[in-house]
Structures are given as structure tokens and as C-alpha cells.
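Asker: The primary structure of each chain is shown beneath.
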Amino acid sequence: MRATPSKLICATVLIAILTSTLLYAQDSTITLSGTVTDSSGKVISNAKVTVKSAATGQTVETQSDADGHYVVSNLSAGDYDVTASAEGIGSVAAKATIAAGTPLTLTLTLTQVQAPEAPAENLPNAPAPNKTEPSLEDLGFTKSETQANAQEQALLDKRTRMLKIHQRMGLITAAPLIATVITSLGAGGKNESSASRDLHVALGALTGDLYGITAYYAIRAPRIKGTPKKGPIRFHEAMAWIHGPGMILTPILGAIAFNQKNNGEKVHGIAQAHGPVAIVTAGAFGAALLSVSLKF
Amino acid sequence: MGQGMNTRALIAFALLSASCALAADHTWVLKDSTLTYHVSHPLHQTDGVSHAARGKGVCHEGECDFLIAVPVKSFDSGDTNRDLHMIQVTRGAEFPMVTVRTKLPESASGSSSIKADLEIQFAGQTAHFQQVALEVTTQGNDKKITGTIPATLADFKIDPPSLLTMPVKNEIPIRVEMTWSPQ
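So the protein sequences, as listed, match chains A and B.
Numbering of the first sequence is given in the numbering used here, commencing with residue 1 and proceeding in unit increments.
Numbering of the second sequence is given in the numbering used here, commencing with residue 1001 and proceeding in unit increments.
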């Protein structure tokens, strides 16, 4: 029983979807955020916040910003012990349960600590707070410059997660792309077998599917406002305007050529452009990959 | 008698002025600066540069407290994609400023080299670097300070970002060039 091109294409689509799902599952994480305050409701900056997984014991530490905000990213669903403390102000311990896919907001209210303060670190000329020590306000930074932006951090986290998948998928796509180009040598000409053509079609279909997933993660990755594009990313994106349309055109021309060959005809008409378009597309894809991988 | 009173008042005023002058604070202001971090990757050597640092030093009773701060977003490596990734891994939106604090004896401004204990807050972490060697050169009234802070990603609990599955090196030395002016 010989696999038909449609069966081969279905199989490659399934493989591509499974690959994409597995890659995304590795990067599915949740954020815990909130505000640290004292018992009067005043926000506390520079409070130490510790989040400990009840399941694994893994601990993540952070500090509250000037507005008392804290954010802990990349958490998995589960139960956590959350503690916060600020020297001379107090501490608090809380439990948090994080559900899959749902960010959690938790306000941490510090209560007074009666224990004596720990001795200061005894470095030869280590900084110690005193009345002459300058502050950020003395340097003239505006609040918007020094203020934490949890929303932007979440956006950056999402962008990085999606572009990591984009990068991995791009590398994975390169393998069947190269194989498709190699098998094209046996798929055209006069003495080729239909098996060589089928293999070429299957690899081409797999490449197209993986390419589609690769492109999706680049297109859907969040854009960060106010960041003009500089460097290799400009060339990388310019190449996408070549290999993107090429990846649509190549299989269409390939399908026409495939039918002509199966009918015993010599490839003719617009289908003759299949090879050259495919080569330009593969070249642009390779150049895009190299532009962000190697420094020229 | 009136003249004697005036003389005593003048002497008292002069002594008071002198003692006030000796105890008075004076400050140093960061005039210009270049901070450069260096990242090594098997396929890349990258430098990110910022000229946006601001700083102030307040001297009191023979000792100066210095604070230097620079926005994380101000570092430019020449590649937008890399800079955004750097901001993400260093949690630059949550902790937008890098601050460096140090305390130096006032006499250090007359030395050609100093060793400073630095407290650096970055990426939500505080790291201490002891006895960092800095060179001091005098340019008129200004003091130019140069040196390299031997920072690592681990100091600030930053996971090394990777490219093509290869992580960058842990070491991220920061080259410092600052010109300070007395105020």
C-alpha cells in the first residue's frame, strides 16, 4: 500500500501541531503580583518577598519597588508559601494557590516585628544609610523613570516566550527545508520515480506547516511601543517579506508541477517557476536565520 | 570700649565662619559617563553602552556618599531585539534602575587609584563588590574615574539568556568611565 500525498500531508500537519503544542507547554507559566503595605496601608518599598513552592521547595526572591509593587513571574500552577519582610517595619507569611493560566494578585500586609535589628554588614567602607546619602530624587529622575511597570514586564515575558518558540521552530523548520531542496533533485527531470516526488511533497508539506507555526509566533509576539528597530532584526524582517510570499507561492507552483508530472507531461508554463521560487525562498529563509544567529 | 566689642565680634564671626566652612557639606556631580557591559556568547561578543547615568556625591566630615543611577532601558547594544531581551531577562520593567552606592574618604579625590566597596542594586537584587580598583585622573577641577566592575549574572540571580540553545557566559564585566565635577 503506497501512501498518497494527501495522507502524507495529513501526517505532517499532525506532527507539526504536536511539536508546536509540546514547545508551548514548556513555556506556559503564571505571574504572582501585588503590593506590600504596612498595617496602616502605606506602601512599603524594597521589602523582600519570597515565594516558595510547596511541591518542590524551589524558592524565588524579589523586592518591592518604589510603589510597593512586586511581581514574580514564571510560576507553575500549585500551592506556594509567600513571605515578605522589611527591616524595621515587619513581616508577613501567607499561602497562595495558583491555578493554571490565571495570574494571581496578593496584597502582603506587614506586621510589626519586635525582635532586635540585625547588625549592619561590616565592610571596610560599605555604604550605610545616613542623612547625607543622596537619593534617586536628588538625581532628578522622574517617577515614571523609576516606577516599576508590571504590565510591561508581563508583555516582555510573553514576547520572549513567543520569540523563543519562533527561534526553535525556525531551526527545526530548517531541517525539512534543506531535505526538501535535496529531494527536489530526484523529483524533477525525466527519470525520476513517483516515490521521489511523494517524498519531496511530504517534506515540502512538513516544511510549510512548520514554517506557518514559526511565522505565527513571530507575528503574534507582542510589540513593545517606543522601541525603534535597529540592527540585524531589520534585515531579518526584510527577509520575511521574501520568504513569506515564497512559502505560499512555492507549494502552489509545486502542486501544478506535481500534477503535470503525474500526467506524464513535462513541467511547463508557470509551474516551471517552482524551482527558482523555492530556491529564492529557501535562500531568504537561511539568510534570515543567519542574520540573527551570527554576527557579521 | 565700643571698638573692643567690635573687634571681639569680628573675631567671633570669623571663627564661627571658619568652623562652619570646615563642617559644611560639599558635593560632586556626575558630569558625563559611559557605562559598557560586555556579554560573551560562542557566536557573539556584545557590548551594551549607556551614557544616561546620573550621579551625586555628598561629602560630610571627611567622608563622601556616592549614588550613581542609570535606567536599564538606556543600554544600547545596536540591536533592538537583543536590548529588549536584555530588559526582559534582567526584569528591567519591574526594576527600571541600576543603582550603585559607595562611600569613599574625601581624601580619595587626591589619589591616582582608589579601591571602592560598591553596593549595586539591579534586577531586584543587591550585590556587594569589595575593593573594586578604580583609576582617578584630574582634568582641571574635574575627576575622571575609570575601572571595571567584575559583575556576573549569578550575582543578580539572572538566568543566562541563550541563543541557538547556547547560553551566554556568566561574566558580564561592566566598564565604567565617569567624569565628576565639584559643586
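No wet-lab data here; the hints were simulated from the structure.
These numbers were taken from a predicted model, which means no experiment stands behind them.
Don't be surprised by glycine CBs; every beta carbon is placed ideally from N, CA and C.
Please note: incorrect hints may appear among the correct ones.
25 Å max Cα-Cα, derived PhoX-like pairs, lysine-lysine [stated by the list, open to error]:
id, chain 1, residue 1, chain 2, residue 2
1, A, 230, B, 1157
2, A, 42, A, 95
3, A, 229, A, 164
4, A, 48, B, 1157
With beta-carbon atoms standing in for the labels, derived distance ranges [said to hold, decoys possible]:
id, chain 1, residue 1, chain 2, residue 2, range
5, B, 1138, A, 144, 31 to 39 Å
6, B, 1154, A, 293, 24 to 32 Å
7, B, 1141, A, 226, 45 to 53 Å
8, B, 1169, A, 39, 39 to 47 Å
Calculated from the model, a selection of chain A residues having no Cβ within reach of chain B, i.e. all distances over 12 Å [said to hold, decoys possible]:
id, residue
9, 76
10, 78
11, 101
12, 134
13, 242
Asker: Over 12 Å from every CB of chain B: does residue 78 (chain A) meet that, or does the non-interface label fail?
Answerer: At about 20 Å from chain B, residue 78 (chain A) clears the 12 Å cut-off, so the statement holds.
Asker: Can the restraint linking residue 42 (chain A) and residue 95 (chain A) be considered satisfied, given a maximum Cα separation of 25 Å?
Answerer: holds (22 Å)
Asker: Check the non-interface label on residue 101 (chain A): least C-beta distance to chain B beyond 12 Å or not.
Answerer: The claim stands: residue 101 (chain A) keeps its Cβ more than 12 Å from every Cβ of chain B (closest is about 20 Å).
Asker: Evaluate the given range 45 to 53 Å for the C-beta pair formed by residue 1141 (chain B) and residue 226 (chain A).
Answerer: violated (38 Å)
Asker: Is the nearest CB of chain B more than 12 Å from the CB of residue 134 (chain A)?
Answerer: violated (4 Å)
Asker: For the range 39 to 47 Å, tell me whether the beta carbons of residue 1169 (chain B) and residue 39 (chain A) fit it or not.
Answerer: This hint holds: roughly 46 Å between Cβ atoms.
Asker: Does the no-contact call for residue 242 (chain A) survive, Cβ to all of chain B over 12 Å?
Answerer: Its Cβ never comes within 12 Å of chain B, the nearest being 19 Å, so this holds.
Asker: Given the hinted pair residue 230 (chain A) and residue 1157 (chain B), is their Cα-Cα distance within 25 Å?
Answerer: violated (28 Å)
Asker: Take the C-alpha atoms of residue 229 (chain A) and residue 164 (chain A), compute the straight-line distance between them, and say whether it is at most 25 Å.
Answerer: Roughly 19 Å separates the two Cα atoms, so the pair holds.
Asker: Test the statement that residue 76 (chain A) is away from the interface with chain B: the closest C-beta pair must be farther apart than 12 Å.
Answerer: Non-interface label on residue 76 (chain A) holds, nearest chain B Cβ at 16 Å vs cutoff 12 Å.
Asker: 24 to 32 Å was suggested as the range; check whether the CB atoms of residue 1154 (chain B) and residue 293 (chain A) agree with it.
Answerer: Since the Cβ atoms of residue 1154 (chain B) and residue 293 (chain A) sit about 26 Å apart, the hinted range of 24 to 32 Å holds.
Asker: Holds or violated: are the alpha carbons of residue 48 (chain A) and residue 1157 (chain B) at most 25 Å from each other?
Answerer: The given pair, whose Cα atoms are some 14 Å apart, holds under the 25 Å limit.
Hint compliance for this structure: hints 1, 7 and 12 are not met, and every other hint is.
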